[in-house]
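Enquirer: Single-letter residue listing:
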Amino acid sequence: GENVEQHPSTLSVQEGDSAVIKCTYSDSASNYFPWYKQELGKRPQLIIDIRSNVGEKKDQRIAVTLNKTAKHFSLHITETQPEDSAVYFCAASIHSGGGADGLTFGKGTHLIIQP
Amino acid sequence: GAVVSQHPSRVICKSGTSVKIECRSLDFQATTMFWYRQFPKQSLMLMATSNEGSKATYEQGVEKDKFLINHASLTLSTLTVTSAHPEDSSFYICSASRGGELFFGEGSRLTVL
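Chains as they are written, first to last, in our numbering: chain A, 208 to 322; chain B, 764 to 876.
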């Protein structure tokens, strides 16, 4: 089955600086890579996703890059703000026209934004 | 976005009892729903895939007789934790797919005394 590795487990950055979280996956058939933000005790919230036919996607301060050959993808957050503090999870799965397999999650990164 | 709702959000039960958690897709039909478990400060682990009208598919290491899943309609899947023990205490979250995106329920925190 799929195996997703995520690094670092904890990341502390100064407010206004950029944060980068990296993930690798093992199953070359995976074609859908979402990123979730989870605050304590709450459900994961999708912040951005990328499909395997695209190398990069950007949404305001958040961007995701995908390297299919190397089987890794990264989350980039620029101009970090205190409200960005949370746990971030990467995930991978296989999506087809008929639906989606369950997601395999990375272990999570606790992002701390220092004021 | 699509709405997935779970109930109850919190439940405390005695060891040996069974607990049922409901997952509903409120504004769309979901032929497939997924159940995850999350221990404190850990990641979400897929437990099983719930298929409407057929048996659930369980991930390796998840006991199907302990975690009973029923997906009797296109908007409801239930997870029953049977003969619960303290080690089953966890945050259980369901999700459903719509338009290629997965939507999560609020989660249910189970505490077994």
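Treat the hints as calculated values from the structure; they're not laboratory data. All residues carry an ideal CB built from backbone N, CA and C; glycine is no exception. Do not take every clue at face value.
Stated by the list, open to error - 25 Å max Cα-Cα, derived SDA-like pairs, lysine to any residue: (1) B:K818 - B:K804; (2) B:K783 - B:V875; (3) A:K264 - A:G248; (4) B:K804 - A:N210; (5) A:K249 - B:K818; (6) A:K249 - B:H770; (7) B:K777 - B:F791; (8) A:K229 - B:F802; (9) A:K314 - A:S233; (10) A:K249 - B:V825.
Stated by the list, open to error - If we take Cβ atoms under 7 Å as the criterion, some of the chain A residues that face chain B in the derived model are: (11) A236; (12) R250; (13) K264; (14) H302; (15) G309; (16) F312; (17) G315.
Enquirer: Quickly compare the C-alpha distance for K249 of chain A and K818 of chain B to 25 Å and report which way the hint goes.
Expert: violated (29 Å)
Enquirer: Does S233 of chain A sit within 25 Å of K314 of chain A, going by the straight-line distance between their CA atoms?
Expert: holds (15 Å)
Enquirer: Does the CB of G309 of chain A sit less than 7 Å away from some CB of chain B?
Expert: The hint holds - G309 of chain A has a Cβ within 7 Å of chain B, the shortest such distance being about 4 Å.
Enquirer: Take the C-alpha atoms of K249 of chain A and H770 of chain B, compute the straight-line distance between them, and say whether it is at most 25 Å.
Expert: holds (14 Å)
Enquirer: Holds or violated: H302 of chain A as interface residue toward chain B, Cβ cutoff 7 Å?
Expert: holds (6 Å)
Enquirer: Regarding the hint that A236 of chain A lies at the interface with chain B, is the smallest CB-CB distance below 7 Å?
Expert: violated (16 Å)
Enquirer: Are K264 of chain A and G248 of chain A close enough, with their CA atoms no more than 25 Å apart?
Expert: violated (29 Å)
Enquirer: Regarding the pair K818 of chain B and K804 of chain B, is the alpha-carbon distance no greater than 25 Å?
Expert: violated (31 Å)
Enquirer: Hinted pair, alpha-carbon criterion (25 Å max): K249 of chain A, V825 of chain B. Please report holds or violated.
Expert: holds (24 Å)
Enquirer: Quick check on the hint: G315 of chain A CB to chain B CB, less than 7 Å?
Expert: Holds: closest Cβ of chain B sits about 5 Å from G315 of chain A, inside 7 Å.
Enquirer: Would the pair K229 of chain A and F802 of chain B pass a check requiring their Cα atoms to be no farther apart than 25 Å?
Expert: Holds - the C-alpha atoms of F802 of chain B and K229 of chain A are around 22 Å apart, at most 25 Å.
Enquirer: Check whether the Cα positions of K783 of chain B and V875 of chain B lie no farther apart than 25 Å.
Expert: Holds - the C-alpha atoms of V875 of chain B and K783 of chain B are around 13 Å apart, at most 25 Å.
Of the hints listed earlier, those the structure fails to meet are numbers 1, 3, 5, 7, 11, 13, in rising order.
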